[in-house]
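Chemist: Sequence:
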Amino acid sequence: MEKRDFDKGSGRRPPVEGETTDNFASFEVKWQERWALAHAKEADKTISTRRGDRKKFYVLSMFPYPSGRLHFGHALPYTLVDSQARYKRMQGFDVMNPMGWDAFGLPAENAAIESNIHPAKLTFEHIDYMRSQMHRFGYAFDWEREVFTCKPDYYKWTQWLFLKMLEKGVAYRKKARVNWCPNDKTVLANEQVETIVKDGEEFQGCFRCGTKVEPREIDAWFLRITDYADRLLDGLAKLDKDWPELVVSQQRNWIGRSEGVNIDFQVELRPGSGSSGPILPAGNPTPPSAVEKMTVFTTRADTVFGVTYVAIAPEHPLVQKILNFTDPRTRKKIEDFCRETLSMTEMDRAMGEEKEGVHTGMVAVNPLNGERVPLFIANYVLMYGTGAVMAVPAHDERDHDFAKGYRLKMKQVIKPANADDKVDIAKAAYTAPGVLIDSGSYTGLTTDAAIKKIGADLNALHQGGPTVNYKLRDWGISRQRYWGCPIPVVHCAKCGIVPVPVEQLPVVLPDNVDFLPTGQSPLVLHADFNKTQCPKCKSMEARRDTDTMDTFVDSSWYFLRYTDAKNADKIFDKAKVKAWNPVDLYVGGREHAILHLIYARFFTKFIHDLGLIDHDEPFSKLFTHGLIQGESIRVINEHMNRYVTEAQLAELIKEGKASPGDVSRRVEKMSKSKLNGADPVELINQYGADTVRLYILFLGPAEQDSVWDPKGIVGAHRFLKRWHETVLASAPLVENLPQLPSHPKWDAACSAMRHATHSLIEKATQEFEGRYAFNTAIAKCMELLNTIRNFVTSEKLEGKVSGLDDKKLAARHCLMEALDIMARVLAPIAPHTAEEVHSALGHQVSVFDRPWPKADPAALVLDEVEIAVTINGKPRATIRVAKTADAKDLEAAARGNEAIQKLLEGKPVKKLIAVPGRIVNIVV
RNA sequence: ACGGACGUGGCGGAAUGGCAGACGCGCCAGACUUAGGAUCUGGUGAGGCAACUCGUGUGGGUUCAAGUCCCACCGUCCGUACCA
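Every number in the working numbering is 374 more than the matching position in the first sequence, counting from 1.
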């Protein structure tokens, strides 16, 4: 093997301790500074000058919560959007790629309670560090657009939107059930409630102290997102194509539209009724002392003749009325039952296996057949729909379970359409659609027809009718917390709820507060904030709302503010929003598939209705990247139950506070609290930003979860170094190349080289255009580099070009083209190295001022192709044929192949399949 | 329980129904080296170590041809949680 030019190129300088193995560190800073300069020039222009006749491209990653430092979980989406932004720029788009901070939130406040450092101080420290990390990565965000949800110039407009919602009746106040930790005396968000197993008992407990959480009723603000249910649903149809199916279907389920029928039952209330005695009073009933209407919702109105009892939720308003009529024993039973059921969180209630209930002694009258059925209060009935159900044990599993437990009647009213299907109602409910039996005038109808007819009949009788229900509930946004956006209303003793006048916005979060672990928001204890004058009657008998908003409110409109981040007079300028929105590509984690994305869509529609924007879907295309997970270590024993680092674990074991048996290792989402996120800066110091960027994308398809394991990073690093060195060594070979004739003839080696080069363009373009499996594109780059190096050797390219009569002129051009295209294709992913390489090739301009390369169709087709020949499906030989070879040529070539001839000896060929460009299969 | 996704070397992962394992890590051998955790070259699914055989969670099927399509099962992960 002869020695190659670039073998000498590496420079045998012995490594100095602490220094990187190459000079990446210095040129990274150089390019970052140049990009910043170029960017500033662009950013100063007006929209129309900078836009010209280019198309816009708004690429956005979900902004981070400033948790302290970026880990590799963040690095994937940011590398992805940075690459995408650079790619689109090269394609000639006017690109916007902003970054900001979802800066309100619980962790900072919890830290404040523990350490008494103000959340603002901590938050801005975190932001500064994380921004510096982003700079190290070479992410070229539009920093002039940076937003901070915790700054008054931003949350002023969050408050403004809230007031608009209040004005339009979209925001309203009602009692809400929240999770309450009796030990910490605080409200917990749903995600702070976890399943705890203690003494063999499973329950929902506080994430911090493990105390069983209780539900509590408090007054809270709600946003009427349910008014937008249908529009949110319809909008999904538009997004179907460019949003992941999974997200669309999850949102559909979350909205949970269900068409059904409301049916009014009359509930007869008789004094002294109770659960003892027969379930239905025998003989002629005495007239009731009162009758109450009770509406049930059902999707299976066709089963209404099979109703054998009705049941209501413990929260149902009818419960109170019933209590006025029952005998004392039943009253106590009901009260105990309701108290017990309602003391459970919804999760606990759902987890309870047993369906339980209390027979109230009251009866309800079925409006369609006049039958009188018992009324139960049951734990399995939720306040969904009307909070009351007609129970049909024969055709509903839940009712079947309950009826079995309480020995209630079952009555079959549906038979399968296919008479062969056997149905045994005593064993299990028959829930499939079918044909009605024993259903009065409806007998014989199919399920669908019956539902329609019954709905129409009820409508005519004014006893109900077709209706639609949603699982989606209104969005409770009040948080009894300090570190959030203050809710701009005043509670006045005389005037009630009074919105803070717009001129007085923002209602500023006071700074001088104490973070005591009282479980109360510091705002409640802050007299100056709390006490205020009523804006309406000017009385001092008024107090501010001391709750703050759910941070999902802050993040529901930030993508609009980016377009006009510094506007002090307006939420944003309509023209500026229009120039950029909607977001063309939104990148984020799957964990936001429902909440954030549905809230943002809701806000967009609301803002659209205000007339402030023209579009009503915020994100045209959504890409959900996979999670980069890390291995977490948790120690669980009598001393502790917490996450630790590897070092802490070693320490604990040394001190005898933990034994290897107490350790549970799990691969899970990287997060600060799990202590399993590695700091990318360390690796950037060691290998350079491009190596880390490349490696993150090389780990696997961006859509797929992967486990962070830095072991392979040297591979990425070696590749970049080899690339750089190869270009440095090859640059003299391609310096000052004279033009080739416009239609040069390429020899086989050149054709192969060009094929490799141009198929890389195809591959890379495909990945950038939406598959995002950059691992395969990077693999192609690595292949191309190997091809280039082999090409230089086999073509014996050396020295400078000797003019027009240089024998290797064509080959030199192929080499130049390969190097040039590779630099451009890799530029979005490894921008610093690409710039360095690009300038080494003699370019004065930035590689990002060069266009994205286009593949030459002619170069993509090879004159000769290799085709496999299989016998009975087993590969036996390969043949080389012209690309134009048809089936006949293939057959001839295969039969002519020596190895094949040998194998076919004495065997009759039964069949021969020849697919041009693919394969030859011989069946014997 | 339901819904979805996935299951390929020691590892990360490639494969429009057409030569399974691209590319990379790791490992083995060699070269250059005072040195190698630098670099270069070659090898690397398993078994025979040669010609061959077996190999994509398991079992069936469709096809000239299946990792890929269909059916059943097993396993892992993620959602949802009695929504009438």
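Check each hint, because a few of them may be wrong.
Unchecked claim - Below, simulated DSS-like cross-link-like pairs (lysine-lysine); rule was C-alpha separation at most 27 Å, straight line:
hint : residue 1 : residue 2
1    : Lys789    : Lys778
2    : Lys783    : Lys796
3    : Lys404    : Lys1095
4    : Lys430    : Lys586
5    : Lys525    : Lys538
6    : Lys1257   : Lys1154
7    : Lys430    : Lys1228
8    : Lys404    : Lys415
9    : Lys706    : Lys549
10   : Lys542    : Lys1154
Honestly, the hints are just simulated from the structure, not real lab data. All figures in this text were calculated on a predicted structure; none of them were measured in a lab.
Chemist: If a hint holds in the structure, say so; if it doesn't, say that too.
Modeler: Tested hints:
The straight-line distance between the Cα atoms of Lys789 and Lys778 is roughly 21 Å, inside the 27 Å bound, and the hint therefore holds. With a C-alpha separation of about 20 Å, the suggested pairing of Lys783 with Lys796 holds against the 27 Å cut-off. A threshold of 27 Å between alpha carbons decides the hint, and for Lys404 with Lys1095 the separation of about 18 Å falls inside it, so the pair holds. For the suggested pair Lys430 and Lys586, the alpha carbons sit about 52 Å apart, so the restraint of at most 27 Å is broken.
Taking the CA atoms of Lys525 and Lys538, the gap is about 20 Å. The hint holds against a cut of 27 Å. With a C-alpha separation of about 23 Å, the suggested pair Lys1257 and Lys1154 falls inside the 27 Å cut-off, and the hint holds. For the given pair, Lys430 sits about 20 Å from Lys1228 by alpha-carbon distance, which is consistent with the 27 Å threshold. Proposed proximity of Lys404 and Lys415 is supported: the alpha carbons are some 17 Å apart, at most 27 Å.
Between Lys706 and Lys549, the direct Cα distance comes to roughly 25 Å. Compliance with the 27 Å bound is thereby established for this hinted pair. Of the pairs offered as hints, the one joining Lys542 and Lys1154 is violated, with about 56 Å between alpha carbons and a cut-off of 27 Å exceeded.
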